[in-house]
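2 protein chains.
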Amino acid sequence: MKSDIDRLMAEHDLDAIFVVGAANHNPAMVYFTGLAHLTDAYVLKKQGEDPVVFHFPMERDEAARTGLETKSLNEYDFEELITEAQGDRVIAAGLRLKRIFNEFGVQGRVSVYGFGDIGEFFGLFSRVRDLLPKVEFVHESPIRSVLKLARMTKDDSEIDRIREMGKITVDVMSNVADFLTTHRAKDGVLVDRQDEVLTIGEVKRRINLWLAMKGAENPEGTIFAIGADAGVPHSVGLDHQPVELEKTIIFDLFPCEPQGGYFYDCTRTWCLGHASDEILQTYQDVFDVYHEVYASIEAGKPCASFQDLTCELFQARNHPTIKQNRQIEEGYVHTLAHGVGLDVHEAPWFRSEASNTDMLLPGSVITVEPGLYYPSRGLGVRLEDTVWVRPDGTLETLVEYPMDLVLEVPSV
Amino acid sequence: MKSDIDRLMAEHDLDAIFVVGAANHNPAMVYFTGLAHLTDAYVLKKQGEDPVVFHFPMERDEAARTGLETKSLNEYDFEELITEAQGDRVIAAGLRLKRIFNEFGVQGRVSVYGFGDIGEFFGLFSRVRDLLPKVEFVHESPIRSVLKLARMTKDDSEIDRIREMGKITVDVMSNVADFLTTHRAKDGVLVDRQDEVLTIGEVKRRINLWLAMKGAENPEGTIFAIGADAGVPHSVGLDHQPVELEKTIIFDLFPCEPQGGYFYDCTRTWCLGHASDEILQTYQDVFDVYHEVYASIEAGKPCASFQDLTCELFQARNHPTIKQNRQIEEGYVHTLAHGVGLDVHEAPWFRSEASNTDMLLPGSVITVEPGLYYPSRGLGVRLEDTVWVRPDGTLETLVEYPMDLVLEVPSV
Chain A
5 MKSDIDRLMA EHDLDAIFVV GAANHNPAMV YFTGLAHLTD AYVLKKQGED
55 PVVFHFPMER DEAARTGLET KSLNEYDFEE LITEAQGDRV IAAGLRLKRI
105 FNEFGVQGRV SVYGFGDIGE FFGLFSRVRD LLPKVEFVHE SPIRSVLKLA
155 RMTKDDSEID RIREMGKITV DVMSNVADFL TTHRAKDGVL VDRQDEVLTI
205 GEVKRRINLW LAMKGAENPE GTIFAIGADA GVPHSVGLDH QPVELEKTII
255 FDLFPCEPQG GYFYDCTRTW CLGHASDEIL QTYQDVFDVY HEVYASIEAG
305 KPCASFQDLT CELFQARNHP TIKQNRQIEE GYVHTLAHGV GLDVHEAPWF
355 RSEASNTDML LPGSVITVEP GLYYPSRGLG VRLEDTVWVR PDGTLETLVE
405 YPMDLVLEVP SV
Chain B
5 MKSDIDRLMA EHDLDAIFVV GAANHNPAMV YFTGLAHLTD AYVLKKQGED
55 PVVFHFPMER DEAARTGLET KSLNEYDFEE LITEAQGDRV IAAGLRLKRI
105 FNEFGVQGRV SVYGFGDIGE FFGLFSRVRD LLPKVEFVHE SPIRSVLKLA
155 RMTKDDSEID RIREMGKITV DVMSNVADFL TTHRAKDGVL VDRQDEVLTI
205 GEVKRRINLW LAMKGAENPE GTIFAIGADA GVPHSVGLDH QPVELEKTII
255 FDLFPCEPQG GYFYDCTRTW CLGHASDEIL QTYQDVFDVY HEVYASIEAG
305 KPCASFQDLT CELFQARNHP TIKQNRQIEE GYVHTLAHGV GLDVHEAPWF
355 RSEASNTDML LPGSVITVEP GLYYPSRGLG VRLEDTVWVR PDGTLETLVE
405 YPMDLVLEVP SV
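Listed in order, the protein sequences are those of chains A and B.
According to our numbering, the first sequence is numbered sequentially starting from 5.
According to our numbering, the second sequence is numbered sequentially starting from 5.
Do not rely on the hints blindly, as some may be mistaken.
A pair counts as met if it fits within one copy or between any two copies, since identical chains are not told apart.
[Said to hold, decoys possible] Straight line, CA to CA, 30 Å or less: simulated DSSO-like cross-link-like pairs of lysine-lysine:
id: 1; residue 1: K218; residue 2: K138
id: 2; residue 1: K6; residue 2: K102
id: 3; residue 1: K138; residue 2: K327
id: 4; residue 1: K327; residue 2: K102
id: 5; residue 1: K327; residue 2: K6
id: 6; residue 1: K75; residue 2: K327
id: 7; residue 1: K75; residue 2: K138
id: 8; residue 1: K190; residue 2: K218
No wet-lab data here; the hints were simulated from the structure.
Work out the full structure: start from the sequences and follow the hints.
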């Protein structure tokens with residue numbers, strides 16, 4: 005968590021953290037600034053010192069509201085720097101960086117963070133190296149950088165915010181279940197009172213509406229995938245398609261706080277009207293594995309071990325798994341879990357790979373999401389909750405929601 | 005526009021374009037793929053050849069829907085590459101890139117694009133250089149790269165999409181005006197029928213709701229800033245504050261297609277109940293300058309010339325401008341305009357700087373947004389429309405909306 009940053013910087017021999025980009029939809033920046041209308045800013049944090057935010061003058065009030073020490077970029081006259089850089093804006097930005105680093109005594113090992121224009125910043129940091137001979141830009145592991153390690157565990161205020169998003173998420177799930185079951189079954193699809201066919205697009209439009217009403221944003225969209233589409237984990241469902249009966253519907257909802265704050269992640273699998281024996285059996289296998297794995301998860305163990313266990317449990321039920329064949333596209337084809345926070349997918353990671361050394365730490369927020377995928381049979385099942393590994397190491401599903409498979413709908 | 009890419013690549017001596025990141029909220033990627041649920045992908049486009057999208061296997065159907073040639077990243081076994089890279093994931097990603105580049109015969113000058121994790125990709129592209137001796141990673145100007153130059157002009161399908169967002173934007177503006185004027189004036193603020201004070205937060209909640217209903221997303225939030233806050237161009241307004249009467253309200257709305265497609269950008273300044281002579285005069289000056297500048301804008305001239313003209317027009321009305329003093333915080337303090345497209349702020353740029361060589365080209369979509377800011381007097385005024393420079397060089401405001409200043413509200 006945030007209070008670990010200085011310790012982690014010391015352990016990783018990092019003298020400074022330098023964050024670039026906007027203060028929205030930018031986890032590293034938002035981690036320091038909170039959500040703010042800063043369209044383009046820097047945060048500089050030296051080891052053992054408080055972070056400073058550098059902002060454009062038009063955004064001075066927004067910068068002040070971050071509660072951080074602020075510095076206007078107006079103090080470094082960019083037009084003058086462009087002249088000095090003979091018209092080259094990248095070099096001018098580099099010269100500005102040089103002035104900032106000199107003024108704040110930044111030298112040694114510096115790591116760069118932020119979500120932004122890759123080409124622009126690759127150019128800037130590549131070319132600025134010559135201007136800053138006393139700075140070494142460190143290339144941290146993208147999955148085990150100091151900030152990602154800090155973000156891997158959450159403090160109470162972060163848990164509260166994730167839980168709030170969870171309440172909104174399951175409220176909207178409930179709204180969707182209600183909405184679907186006010187429809188009727190006709191010719192294999194759902195229709196409304198005027199016999200109009202309900203489409204996936206209309207369901208998604210409502211989802212965005214309900215999320216907005218409750219104060220959430222849905223920047224990455226929703227998975228509402230039916231039948232064969234549900235058999236491919238990241239197929240999202242096509243807007244023009246009707247909501248079909250008696251097929252599995254994977255409904256995966258992962259909204260965040262407006263402008264890109266904390267996420268929640270939850271999946272239910274539904275079947276409208278009636279479920280075949282094949283669907284019931286596949287669902288039961290996922291349901292059982294979910295509960296067996298959940299019961300086995302405890303802090304202090306390697307994350308990959310829970311993926312291994314999940315594969316073993318599915319294999320014991322005669323399902324092929326990714327552990328047997330990494331190229332697999334039927335059976336259990338993905339990993340059990342991922343961290344959830346300012347990114348919907350973040351550390352810790354659960355891949356069963358020798359290179360994955362992530363341990364499950366108290367304070368983590370993770371998904372638990374086993375699934376089975378048989379696109380050739382037109383079905384997929386996934387069950388997912390977002391779970392807090394409490395400081396005492398026990399698990400708590402942040403917000404409960406029923407796991408019923410079949411939603412009853414009347415026939416016309 | 006898109007059909008210019010190969011010509012621009014030839015002019016800029018670029019052998020290949022390499023785009024990284026997700027296919028949402030990532031302009032360079034979305035420009036090629038359209039909006040798609042690709043959480044992490046590559047697009048490779050060699051000069052004179054069609055682009056290829058590299059995707060994860062779980063997202064194969066989403067990749068296929070882009071209409072581009074597709075290639076599964078499963079074909080490059082990452083676990084094997086990690087072993088080869090002795091556990092270093094960045095080097096493993098570099099080795100994958102090497103295989104892809106070799107397989108597709110990529111060499112020479114390559115430019116990197118995309119919106120993503122700066123630290124991760126700075127590390128990747130810095131370290132992959134040694135693995136790809138025949139590739140030169142080109143550092144293009146961040147504001148005049150091949151893709152940004154291509155995106156600077158829009159084809160008809162892009163204009164249609166921006167105009168659709170414009171219709172939603174002004175519809176919501178209209179909803180907000182209606183909503184405000186159903187309230188009543190009491191003790192200097194708006195109250196509802198139960199005498200409950202209307203807050204900025206409630207107005208913004210409604211805005212997000214109406215945008216979601218109409219099928220738009222609001223990833224960067226809304227500026228709804230009153231009085232002294234309106235005097236600072238990018239102050240967004242505080243949620244807990246009441247909607248005050250007789251002060252200028254800058255309402256700047258800039259939503260986009262869901263998951264990060266095309267934007268629209270529109271600002272109106274309102275005053276509830278009654279406007280003082282000072283507000284009326286300031287508003288009139290902005291209104292007049294808006295129309296004078298608008299009438300002067302034509303294709304083929306330097307963009308900076310329109311900023312110069314705007315400054316002259318404001319100075320003639322005795323307002324200080326950024327042309328007289330770059331550090332100014334009162335008067336006319338920003339630039340007249342910017343391009344609008346997959347980014348809310350994009351080329352062409354209108355800064356009055358020697359280094360700004362952008363010409364206004366037919367096919368551009370730009371804002372026109374003069375404003376006056378006097379935070380010390382508790383007021384700010386801005387008027388902004390999104391305007392298409394048509395192929396014949398004439399201007400067309402994409403969607404009209406009235407410029408009334410005063411919104412009448414009954415008193416309690």
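Are the CA atoms of K327 and K6 at most 30 Å apart within a copy, between copies, both, or neither? neither (35 Å within a copy, 43 Å between copies)
How would you label the pair K190, K218 (within, between, both, or neither) given a Cα cut-off of 30 Å? This pair counts as between: shortest inter-copy Cα distance 28 Å, intra-copy 32 Å.
Intra- versus inter-subunit Cα pairing at 30 Å for K218 with K138: For K218 and K138, neither the intra-copy (50 Å) nor the inter-copy (53 Å) Cα distance is at most 30 Å.
Within a copy, between copies, both or neither: where do K6 and K102 come within 30 Å Cα-Cα? Within one copy, since 27 Å is at most 30 Å while 37 Å is not.
Classify it for me, K138 with K327: is the Cα-Cα distance of at most 30 Å met within a copy, between copies, both or neither? Answer is neither: 46 Å inside a copy and 37 Å across each miss the 30 Å cutoff.
Between the shortest in-copy and the shortest cross-copy C-alpha distance, which are at most 30 Å for K327 and K102: within, between, both, or neither? Only across copies: K327 and K102 sit 27 Å apart there, 49 Å inside one copy, limit 30 Å.
Within a copy, between copies, both or neither: where do K75 and K138 come within 30 Å Cα-Cα? within (23 Å within a copy, 43 Å between copies)
Within, between, both or neither: K75, K327 at alpha-carbon 30 Å: Between. Shortest inter-copy distance 23 Å satisfies the 30 Å Cα cut-off; intra-copy 52 Å does not.
The structure shown violates the earlier hints numbered 1, 3, 5.
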